[in-house]
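Once you have looked at the hints, place chain B on chain A.
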Amino acid sequence: MASATATKGGTRGAFNSVLFYAFLFLFVLVSMFPLIWIFKMSIITKSELFASPPTILPKNPTGAEYAQIFSDPSFQKALLNSAIISGVTTVICLFFGSIAAYAIARLRFRFKSPVMTLILAISFFPAVAIIAPLFVQYSRVGLIDTYGAAIITDTVFALPLTVWLLVAFFRELPKDLEEAARVDGATTIQAFRKVIVPLAAPGVFTTAILTFIFAWNEFLFATTFLFTPDTQPVTVVIPNFASQYTVDYGAQAAAAVVVTVPLVILVLIFQRRIVSGLTAGAVKG
Amino acid sequence: VTTATTEKKRRGGVLKEEFGNPERRTAYYMILPALLIILVVAFFPILQAINLSLRQSTVAQAGPFIGLENYVEMIQNPDFLEGLTNTLIFTVASVTLEFFIGLGIALAINRAFRGRGLVRAAVLVPWAFPTVISAVMWRLMFQDQVGIINYVANAIGLISQPILSDRVLLLIGVTLVDVWKTTPFVALLLLAGLQTIPGDVYEAARVDGANVWQRFFQITLPLLYPTILVALLFRTLDAYRVFDLFWALSNRELQSLSTFVYEGVRISQLQFAQGNAASVFIFVTAFLLALFFIKVLGMQTSTEE
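Protein chains in written order, with this note's numbering: chain A, 1 to 285; chain B, 286 to 590.
If we strip away everything but chain A, and leave its shape as in the complex, we get (with noise of 0.2 Å):
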């Protein structure tokens, strides 16, 4: 198509075409920028950090920061409870998330749109409003400075989120399936488990990812409940390993290249999905 509108509009089309390029890598640029200063910081030398002019291109890199993050116990335990959070607030979502959405996507029943609104409302609600009563609470029951505390919480406010992609994913499958499927003698719950879970996998995996994401990025929750290396996540323990190693930004640097990079993977191998997903809700086809 570019090369369509070159030959029409002739030098101006090329030069538009340029000036769109242009555009292009300047956007990405200032996209990726601070990832990849943050990763360059990350590989120098304490010396190179410190020099002024900052250097371009890095020296002599080195794998030291990341050793030395490595081999610290308190930033391993930090990436398990981050990932013990998310992947359980992501199963517990899933399950309730796709049981409601089926129901509101295909099912016919009077107090819908209440319900919708409700569930939407919680995507708008200010959580910070909620953590003193919250805290008192879990206080009450035992639930501070454990994992209950981070997923219950989680799970409640990623749940609009689940709900609403599902519901978007599962009005797209056909119906007739389930119609044949009730024809043969199928309740609702068989036909949901047999014949919607399956045709629907790749639309909870995307959402499966969405949720992940999303629980994994949770601070708030985490630092307000969770207050011993034990429980918390990375979320919480980078910006306090800032007050911790004062002067050593090489370690912040990499402590955040290391829990990005595998973000950016996902978001990479599933950009697709990722972005049909993100605006399935928002926009009416």
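Worth flagging that the hints you see were computed from the coordinates, not collected in a lab.
Errors might be hidden in some of the hints.
Claimed, not checked - Listed below are the simulated SDA-like cross-link pairs for lysine to any residue, each with C-alpha atoms no more than 20 Å apart in a straight line: (1) Lys59(A) with Glu302(B); (2) Lys40(A) with Pro54(A); (3) Lys175(A) with Leu321(B); (4) Lys301(B) with Arg110(A); (5) Lys175(A) with Val197(A); (6) Lys40(A) with Ser52(A); (7) Lys112(A) with Glu302(B).
Claimed, not checked - In silico contact screen, one side only, chain B against chain A (beta carbon under 10 Å); selected entries: (8) Ile331; (9) Met426; (10) Trp465; (11) Leu473; (12) Ile504; (13) Ile567.
Remember, it's a predicted structure, so these values are computed and weren't measured experimentally.
Here a beta-carbon is modelled for each residue, glycine too, at the ideal position from N, C-alpha and C.
Frame of chain A, contents of chain B only:
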């Protein structure tokens, strides 16, 4: 009285009808678990926060009822006012910038071109970053000894003091970081909206002699309006409750409404009651904002076909 009873009868009839039908009954059972979790963990605590905000409460006990005293103290608290001001400036500035830049990007890339995959990846990368981690990254770049941005801004004479030690520069900093992180997402939403506008509408307008600006203001904007509202509402409420970015980027220096609550109820715990008053304040104002978008601007919330 008669209308009330018939109303009651009718509603009882509705419930009977809803639960008498096996398909509908199943539907309610399927929704119930998700709904219960949300009500118990999110909405019930709001009632508690209201209760605590009206009492001389501490973390340990609810305390005696004192009416609106906590609210009066809160409004007179300079920290609260600073948080409120910063939050309002941040919300207006970041959402405005994100919307206009995002719309520009969406309009520019709304066509087939080589390298779409790369652009899509560039859009998603900042979005996927944990907010706190991007705050840590940018803090490193703003830092006065090793920070590239501080170095460049200083070299070209843009700043005369280190970014991290000046509150105005910090506020500009958090706003720009938010713009960096979220503009691509706004662009993505608006692009999806643009792609639902059929091309022949433009073709017809062109045949009728409409120029670029007429096409933009009379076709694109009106047809994109619902998507714009969704994007703006999401962004506004998200910016309004900002916590991670302020907390981590300024290393607890810069106050927002949310950091005020967090400090009161979790860090010092001396202002537990006032923190709860601020919680209720944030909840009610956020609710009013959402209501404004839905009622005044006519945003559609239902997904029913």
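Results of checking the hints against the structure:
Taken as a hint, the Lys59(A) and Glu302(B) pair is broken in the structure, with Cα atoms around 75 Å apart against an allowance of 20 Å. Of the supplied pair hints, the one linking Lys40(A) and Pro54(A) holds, its CA atoms being roughly 11 Å apart against a limit of 20 Å. This hinted pair does not check out: Lys175(A) and Leu321(B) have alpha carbons roughly 29 Å apart, beyond 20 Å. Of the pairs offered as hints, the one joining Lys301(B) and Arg110(A) holds, with about 12 Å between alpha carbons and a cut-off of 20 Å not exceeded.
A distance of roughly 13 Å separates the Cα atoms of Lys175(A) and Val197(A); the hinted pair therefore holds under the 20 Å criterion. At roughly 15 Å between alpha-carbon atoms, Lys40(A) and Ser52(A) fall within 20 Å of each other, so this suggested pair holds. Straight-line distance between C-alpha atoms of Lys112(A) and Glu302(B) comes to about 15 Å, which keeps the hinted pair within the 20 Å bound. Restraint check, Ile331(B) versus chain A: the minimum CB separation of about 6 Å is within 10 Å; hint holds.
Residue-level restraint check for Met426(B) holds (minimum Cβ-Cβ distance to chain A is 7 Å; threshold 10 Å). Below 10 Å, beta-carbon pairs count as interface contacts, and Trp465(B) has one with chain A at about 7 Å; its hint therefore holds. At a threshold of 10 Å, the smallest CB-CB gap from Leu473(B) to chain A is about 6 Å, leaving the interface hint in force. Among the interface hints, the one on Ile504(B) is violated; its C-beta lies about 17 Å from the nearest C-beta in chain A, farther than the 10 Å criterion.
At a threshold of 10 Å, the smallest CB-CB gap from Ile567(B) to chain A is about 5 Å, leaving the interface hint in force.
Checked against the numbered hints above, the structure breaks hints 1, 3, 12 and satisfies the rest.
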